[in-house]
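Chains as they are written, first to last, in our numbering: chain S, 10 to 357; chain C, 10 to 357; chain E, 10 to 357.
The set of hints was computed from the structure by calculation and includes no laboratory data. Remember, predicted model here, so these are calculated numbers, not experimental data. Incorrect hints may appear among the rest.
Where chains are identical, the list cannot tell them apart; a pair therefore holds if satisfied intra-copy or between any two copies.
[Unchecked claim] Keeping only pairs whose Cα atoms sit at most 16 Å apart, straight-line, the calculated EDC-like set for lysine to aspartate or glutamate is:
{"hint": "1", "residue 1": "LYS80", "residue 2": "ASP310"}
{"hint": "2", "residue 1": "LYS238", "residue 2": "GLU98"}
{"hint": "3", "residue 1": "LYS238", "residue 2": "ASP202"}
{"hint": "4", "residue 1": "LYS238", "residue 2": "ASP292"}
{"hint": "5", "residue 1": "LYS121", "residue 2": "ASP356"}
Chain residues, written in single-letter form:
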Amino acid sequence: MEFSAQSIADLLKGTVEGNPDIKVNNVSKIEEGKPGTLSFLANPKYTNFIYTTNSSIVLVNKDFKAEKEIKATLIRVENAYESFANLLEFYNSQRHHKSGIEQPSYIDETAKYGDHIYIGAFTYIGKHVKIGNNVKIHPQVFIGDNVTIKDNVTIFPGVKIYYDSIIGNYCTIHAGSIIGADGFGFAPTDTKDYKKIPQIGNVILEDYVELGANMCIDRATMGSTIIRKGVKLDNLIQIGHNVEIGENTVMAAQGGIAGSTKIGKNCMFGGQIAIANHITVADGVKAAARSGIAGSIKTEDAIVMGAPAFDIRQFQKSHIVFTKLPEMRKQLIEMEKEIAELKKKLDS
Amino acid sequence: MEFSAQSIADLLKGTVEGNPDIKVNNVSKIEEGKPGTLSFLANPKYTNFIYTTNSSIVLVNKDFKAEKEIKATLIRVENAYESFANLLEFYNSQRHHKSGIEQPSYIDETAKYGDHIYIGAFTYIGKHVKIGNNVKIHPQVFIGDNVTIKDNVTIFPGVKIYYDSIIGNYCTIHAGSIIGADGFGFAPTDTKDYKKIPQIGNVILEDYVELGANMCIDRATMGSTIIRKGVKLDNLIQIGHNVEIGENTVMAAQGGIAGSTKIGKNCMFGGQIAIANHITVADGVKAAARSGIAGSIKTEDAIVMGAPAFDIRQFQKSHIVFTKLPEMRKQLIEMEKEIAELKKKLDS
Amino acid sequence: MEFSAQSIADLLKGTVEGNPDIKVNNVSKIEEGKPGTLSFLANPKYTNFIYTTNSSIVLVNKDFKAEKEIKATLIRVENAYESFANLLEFYNSQRHHKSGIEQPSYIDETAKYGDHIYIGAFTYIGKHVKIGNNVKIHPQVFIGDNVTIKDNVTIFPGVKIYYDSIIGNYCTIHAGSIIGADGFGFAPTDTKDYKKIPQIGNVILEDYVELGANMCIDRATMGSTIIRKGVKLDNLIQIGHNVEIGENTVMAAQGGIAGSTKIGKNCMFGGQIAIANHITVADGVKAAARSGIAGSIKTEDAIVMGAPAFDIRQFQKSHIVFTKLPEMRKQLIEMEKEIAELKKKLDS
Chain S
10 MEFSAQSIAD LLKGTVEGNP DIKVNNVSKI EEGKPGTLSF LANPKYTNFI
60 YTTNSSIVLV NKDFKAEKEI KATLIRVENA YESFANLLEF YNSQRHHKSG
110 IEQPSYIDET AKYGDHIYIG AFTYIGKHVK IGNNVKIHPQ VFIGDNVTIK
160 DNVTIFPGVK IYYDSIIGNY CTIHAGSIIG ADGFGFAPTD TKDYKKIPQI
210 GNVILEDYVE LGANMCIDRA TMGSTIIRKG VKLDNLIQIG HNVEIGENTV
260 MAAQGGIAGS TKIGKNCMFG GQIAIANHIT VADGVKAAAR SGIAGSIKTE
310 DAIVMGAPAF DIRQFQKSHI VFTKLPEMRK QLIEMEKEIA ELKKKLDS
Chain C
10 MEFSAQSIAD LLKGTVEGNP DIKVNNVSKI EEGKPGTLSF LANPKYTNFI
60 YTTNSSIVLV NKDFKAEKEI KATLIRVENA YESFANLLEF YNSQRHHKSG
110 IEQPSYIDET AKYGDHIYIG AFTYIGKHVK IGNNVKIHPQ VFIGDNVTIK
160 DNVTIFPGVK IYYDSIIGNY CTIHAGSIIG ADGFGFAPTD TKDYKKIPQI
210 GNVILEDYVE LGANMCIDRA TMGSTIIRKG VKLDNLIQIG HNVEIGENTV
260 MAAQGGIAGS TKIGKNCMFG GQIAIANHIT VADGVKAAAR SGIAGSIKTE
310 DAIVMGAPAF DIRQFQKSHI VFTKLPEMRK QLIEMEKEIA ELKKKLDS
Chain E
10 MEFSAQSIAD LLKGTVEGNP DIKVNNVSKI EEGKPGTLSF LANPKYTNFI
60 YTTNSSIVLV NKDFKAEKEI KATLIRVENA YESFANLLEF YNSQRHHKSG
110 IEQPSYIDET AKYGDHIYIG AFTYIGKHVK IGNNVKIHPQ VFIGDNVTIK
160 DNVTIFPGVK IYYDSIIGNY CTIHAGSIIG ADGFGFAPTD TKDYKKIPQI
210 GNVILEDYVE LGANMCIDRA TMGSTIIRKG VKLDNLIQIG HNVEIGENTV
260 MAAQGGIAGS TKIGKNCMFG GQIAIANHIT VADGVKAAAR SGIAGSIKTE
310 DAIVMGAPAF DIRQFQKSHI VFTKLPEMRK QLIEMEKEIA ELKKKLDS
């Protein structure tokens with residue numbers, strides 16, 4: 010796709026300064042600008058680059074004043090950063106604009122779907138599934154029986170959604186993720202083997218949830234595993250059965266939350282964190298990457314680190330001493346000797 | 010699916026007390042009971058809820074004595090908890106009762122399969138594959154050449170099983186898991202790049218193994234990676250080439266076992282544990298979540314924690330001191346001063 | 010597939026000693042040899058086994074001298090180990106020799122592909138995709154719009170490659186891996202929820218990259234996430250947006266690299282390591298399994314361990330003291346008492 014400076018200015022309600030017919034087909038950072046690309050200048054630190062950039066078009070704030078000649082065509086807008094973000098969003102929405110039902114696909118005759126939908130080839134839609142309007146289901150997706158998918162949802166290739174799951178409005182699920190597989194529930198028997206505990210609950214994603222690639226959310230044993238509105242979960246994350254995650258909580262890649270744990274809203278979790286089962290984490294808690302939260306955190310907005318995790322500043326201080334433990338041990342042994350000598354002297 | 014109190018009582022060999030025609034289509038905890046659902050009462054702690062629950066039906070032990078009026082219809086059974094578990098199992102088996110071969114699917118003409126099987130749409134079955142009786146292979150599964158799948162196996166959507174793998178009786182594999190991809194074997198060359206070591210072994214799952222979603226078991230370099238009878242592995246786990254896991258060992262999500270390691274039977278591993286390559290772990294060993302087992306564990310039933318892991322009680326004690334290291338360091342510096350003063354005094 | 014001793018000798022340019030017509034269909038370790046299999050003897054430690062092995066054929070070095078009678082047929086070659094490796098490679102290449110386009114598959118009419126290709130059933134190939142020669146794309150793979158796949162690439166079942174990605178020559182991608190899903194980029198808003206930052210860059214794999222199963226490489230926010238020539242990444246790894254990994258770096262399973270980090274060449278990372286975002290790791294760095302690299306490492310060939318990671322020998326020394334912290338604490342308390350007593354004595 011190519012866009013002219015004029016068409017971009019029209020879209021962003023900006024004004025062109027230079028060649029309105031020059032065309033771009035990609036974006037670049039202003040400091041790495043190439044012909045045929047569009048950049049933006051928002052941070053004053055980068056102002057120098059506008060005089061040397063090879064980008065064909067640069068978005069600038071309305072009040073930007075050039076001090077030297079500029080090769081690029083400028084588009085003046087109210088807020089260059091926001092306009093750039095809006096432009097990317099528009100560009101992305103154009104790219105992903107697929108529609109219709111590709112063949113071969115498998116749609117059970119009892120399934121229902123709304124308007125403006127895309128169903129990719131090799132996608133499977135089971136019995137009594139309900140799909141809303143403006144939903145894009147890419148190729149090779151599996152939607153199990155009785156699943157509900159609300160409006161404006163995007164599901165990337167290869168996602169598998171088990172029966173009874175509910176996917177809220179404006180959710181996005183990236184490729185390969187698994188929603189609603191059985192929770193890990195086995196009861197030990199007298200003969201040291203295990204009996205499966207049937208997992209008959211479901212998974213509910215509320216609105217505006219975004220899930221990364223190849224991650225897993227287990228169905229509840231009974232009741233629901235619930236991901237509240239606005240939660241964002243990165244790739245390769247594991248969410249156990251009956252977990253509840255509060256609104257707008259975000260978690261970076263490869264973290265895990267064990268069964269029946271309840272996480273507050275507005276929490277932020279770094280990569281590869283682990284949260285134990287059957288605990289509660291208060292609203293606004295932050296945990297550094299690799300933290301292992303082993304017990305409930307009741308203090309809102311607490312910031313923790315380590316495994317088991319505790320207050321991040323305490324952890325960092327402890328870790329500094331940890332790196333010096335061998336010296337500290339030597340010191341201790343030295344001091345023992347000195348005390349022994351002092352005793353000897355004193356007793357003699 | 011809806012069931013009447015009478016039909017449930019017949020199934021469980023119980024007796025109805027109340028309306029035999031009342032119907033339920035789901036289950037709930039007694040304390041969260043809703044009309045149209047069935048609950049059970051087994052733990053005496055929950056007895057009070059039976060007088061207030063909105064569940065339509067409650068399973069109770071034969072000898073339960075009501076002290077007040079009860080709104081719900083009761084079904085009296087020998088053991089309410091066991092009956093409930095059996096009911097869930099029955100319910101689940103009904104839900105998953107799919108059969109036949111959906112189209113389009115790809116089944117090589119040299120593949121063989123038994124009776125009462127289900128093969129979902131978009132599933133691929135390669136050359137010389139052997140599939141037993143009562144096997145359910147959901148949509149979008151890949152079964153490579155020469156794979157053997159025994160009886161009563163369930164394979165959920167999107168599982169990929171590479172060539173030569175053997176899947177035992179009564180195994181369950183959840184969505185997206187990969188069985189038999191190449192082990193991570195590369196030999197360094199003189200030019201600092203790597204030459205691939207061909208991985209020509211296979212993977213064997215014995216009977217009653219259950220695997221979670223999006224997990225991986227690598228094929229052996231030579232010989233077999235072996236998962237013994239009754240092993241249960243959770244989501245996103247990594248099992249390296251030539252690993253052997255003993256009977257009835259269980260591992261929670263996101264753990265990993267590196268190549269050629271041999272794990273005993275009846276072990277229990279928490280989430281996100283790591284086990285090094287070429288080591289041996291004795292029978293009955295337990296490791297807390299996030300443990301890193303770096304060397305062989307020869308003591309049966311040992312319980313470990315930490316990374317590198319050691320005895321859990323020792324670890325917990327060490328960790329308590331770790332959280333106080335900065336104070337301990339201050340103390341040490343203080344004592345050094347005192348010793349120096351004592352010396353001075355004594356010498357003067 | 011069965012091969013006679015003579016045909017194997019011809020392939021390896023070796024000479025047969027024994028029955029040239031004896032046939033094998035598999036390989037085994039010499040100490041576990043079974044009839045119908047081929048073994049090799051390279052390490053003198055294993056020489057004794059050649060007199061007792063049940064393998065039908067054993068590859069030996071040209072100058073091997075038998076001291077007793079040998080049951081197996083021998084094939085004498087220049088270098089038994091190398092010949093064995095070559096044989097495995099040949100065997101593997103024969104096994105994977107699939108070709109043609111299976112049906113049903115979905116290939117957009119604007120896609121182009123070269124000679125000697127294999128496209129498995131249920132594979133989806135989008136608009137303007139370019140595929141080179143000798144490429145094998147197994148079943149159920151997704152190739153998004155504008156993806157380029159160069160020559161001699163193998164893509165195993167269920168891999169999903171998002172639009173605009175570029176896959177270099179001789180790359181191998183194992184089952185279920187996701188290339189080019191969105192980076193985890195969200196900007197917080199005033200209302201405590203998040204606005205998605207469009208991810209419009211791509212992923213580039215240079216030549217000879219091998220990726221394990223169910224791993225993820227995110228597309229760049231802008232520009233490219235780049236995996237340089239010869240990199241090998243194991244199963245369940247997470248590579249964030251805009252990461253760059255230098256030539257011939259290898260990483261074991263379940264590790265993660267956060268966004269915008271630049272890794273040098275010839276690095277080696279153990280399993281489950283974590284590397285923070287926006288940092289730089291020098292060439293030749295090694296990190297032990299479970300390390301958490303929290304800041305840039307500027308020293309080439311540094312070897313680190315721990316989380317946060319530091320010099321491996323220092324870490325190991327600190328960890329030894331860590332295991333003894335409770336005793337050390339007791340010692341400290343004991344010493345405090347002694348100092349107090351000394352003071353008392355001295356003051357009295």
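For each hint, the structure was consulted:
1. LYS80 <-> ASP310: neither (49 Å within a copy, 44 Å between copies)
2. LYS238 <-> GLU98: Answer is neither: 21 Å inside a copy and 32 Å across each miss the 16 Å cutoff.
3. LYS238 <-> ASP202: between (40 Å within a copy, 9 Å between copies)
4. LYS238 <-> ASP292: within (14 Å within a copy, 43 Å between copies)
5. LYS121 <-> ASP356: neither (95 Å within a copy, 92 Å between copies)
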